[in-house]
Every structure is written in structure tokens, then in C-alpha cells.
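Reminder that position 49 of the sequence shown reads as 76 in our numbering, one-by-one numbering, no gaps.
Just so you know, not all the hints are guaranteed correct.
[Stated by the list, open to error] Once the Cα atoms are required to be at most 20 Å apart in a straight line, the calculated EDC-like pairs of lysine to aspartate or glutamate come out as:
id	residue 1	residue 2
1	124	77
2	186	48
3	186	77
4	124	113
5	186	44
[What the hints assert, rightly or not] Label-pair distances were calculated between CB atoms; the ranges are:
id	residue 1	residue 2	range
6	64	163	32 to 40 Å
7	174	153	43 to 51 Å
8	152	48	44 to 52 Å
9	48	88	58 to 66 Å
10	102	62	18 to 26 Å
Just so you know, the hints here were simulated from the structure itself, not pulled from any lab data.
Keep in mind that this is a model prediction, so the values were computed, not measured.
Even glycine gets a Cβ: it sits at the ideal position worked out from N, Cα and C.
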Amino acid sequence: FGVSIAVSTLVGQKLGENRPELAARATWTSLVISLFYTSLFGLAYLLVPEFFLLAHGAFAQEAEFGRIRDLTIILLRFVTAYCIFDAMQLIFVGALKGAGDTFFILIATTTISLVFVTIGRLGQVYGQWGLFGWWWVLTAWLCTLAVVYLGRFLQGHWKAMRVIEHEALP
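Required output: the full structure, derived from the provided sequences and hints.
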């Protein structure tokens with residue numbers, strides 16, 4: 028979340044200086060850093076998931092913890108995908124916020140969230156979806172947010188936005 032605020036700040040500053048190319052550069056650089064950091068944890072979740080369960084299983088009985096361990100290892104795969112797309116959407120939504128494109132963010136977030144909550148609920152009630160169904164919905168929701176915000180960023184409308192107009196300054 029902190030990196031999203033940093034991107035918002037940098038984009039706002041660079042647009043205020045009338046340097047949208049540096050705002051874009053700050054966004055892409057932040058994305059690379061975030062994806063690198065997130066990918067390290069994602070690889071750890073995939074390659075050594077047992078490490079993250081050590082504290083939870085230290086005093087548990089093997090019979091009762093075995094099922095939880097198996098379930099958690101599968102869920103950590105979802106977390107890996109979730110985190111990568113969450114990093115993407117945080118960076119691009121931060122850039123759009125910094126540019127002042129907040130109305131688009133409001134509409135997109137509300138609409139996409141309502142769609143995926145509805146899909147999840149319908150799947151739970153009528154499709155007998157369980158835990159994995161909701162994790163698929165959650166992961167797809169973040170993937171969709173990331174793609175929508177990336178698309179909006181690539182359109183470039185944000186480059187012409189100004190939160191503070193220079194004429195209004197004393």
C-alpha cells in the first residue's frame with residue numbers, strides 16, 4: 028500500500044512540474060520494483076510453503092495439522108497470483124490517483140467489485156462453491172482490476188490531468 032502512495036505522490040509532483048514522461052517513468056520503475064519484491068515472496072510460497080507453516084504446526088498434532096497443511100499449500104498458490112496482480116493494480120491505481128483520475132477509479136472499482144461479489148455469491152449458493160471458488164473469484168477480481176487500471180494508464184488521458192491548475196496559484 029505504501030508504494031501506491033509513493034507512486035501517487037511522484038505522479039502528482041511530476042505532472043505539477045509539467046513532466047508527464049517522468050511521471051510515467053516513476054510508475055514503470057515502481058511496477059518493476061514491486062513485481063520483483065512480490066515475485067520473491069511468490070517463489071517462496073511456491074517452492075517452500077512448509078516454511079510459512081512452521082510456527083502454526085509446531086505444537087499441533089500431525090493428524091489434525093496434515094489436512095490444514097495440505098489446504099494451506101494450495102491456498103498459497105492463490106496468494107502468489109493474488110499478490111502479483113495486487114502489486115500491479117496498486118501501482119496503476121496509485122498513478123491514476125496521483126494524476127487526479129479518481130472518478131474513473133471510483134466507477135471501475137465499484138462496478139468490478141459488485142460484479143465479482145455477485146459472481147461469488149451466485150457460485151456459492153447455486154454452484155456449491157466452497158473455499159476454492161471464493162479464492163478463484165478473489166484472484167480474478169484482482170486480475171481484472173490490474174488489467175483495467177493498466178488499460179486506463181496506457182490510454183494516457185492522465186498525462187493531461189492537473190489536480191492544481193497553475194493559473195489558480197497565487
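Here is how each hint holds up against the structure:
no.: 1; hint: 124 - 77; verdict: violated, 38 Å
no.: 2; hint: 186 - 48; verdict: holds, 8 Å
no.: 3; hint: 186 - 77; verdict: violated, 45 Å
no.: 4; hint: 124 - 113; verdict: holds, 16 Å
no.: 5; hint: 186 - 44; verdict: holds, 12 Å
no.: 6; hint: 64 - 163: 32 to 40 Å; verdict: violated, 25 Å
no.: 7; hint: 174 - 153: 43 to 51 Å; verdict: violated, 27 Å
no.: 8; hint: 152 - 48: 44 to 52 Å; verdict: holds, 50 Å
no.: 9; hint: 48 - 88: 58 to 66 Å; verdict: holds, 60 Å
no.: 10; hint: 102 - 62: 18 to 26 Å; verdict: holds, 21 Å
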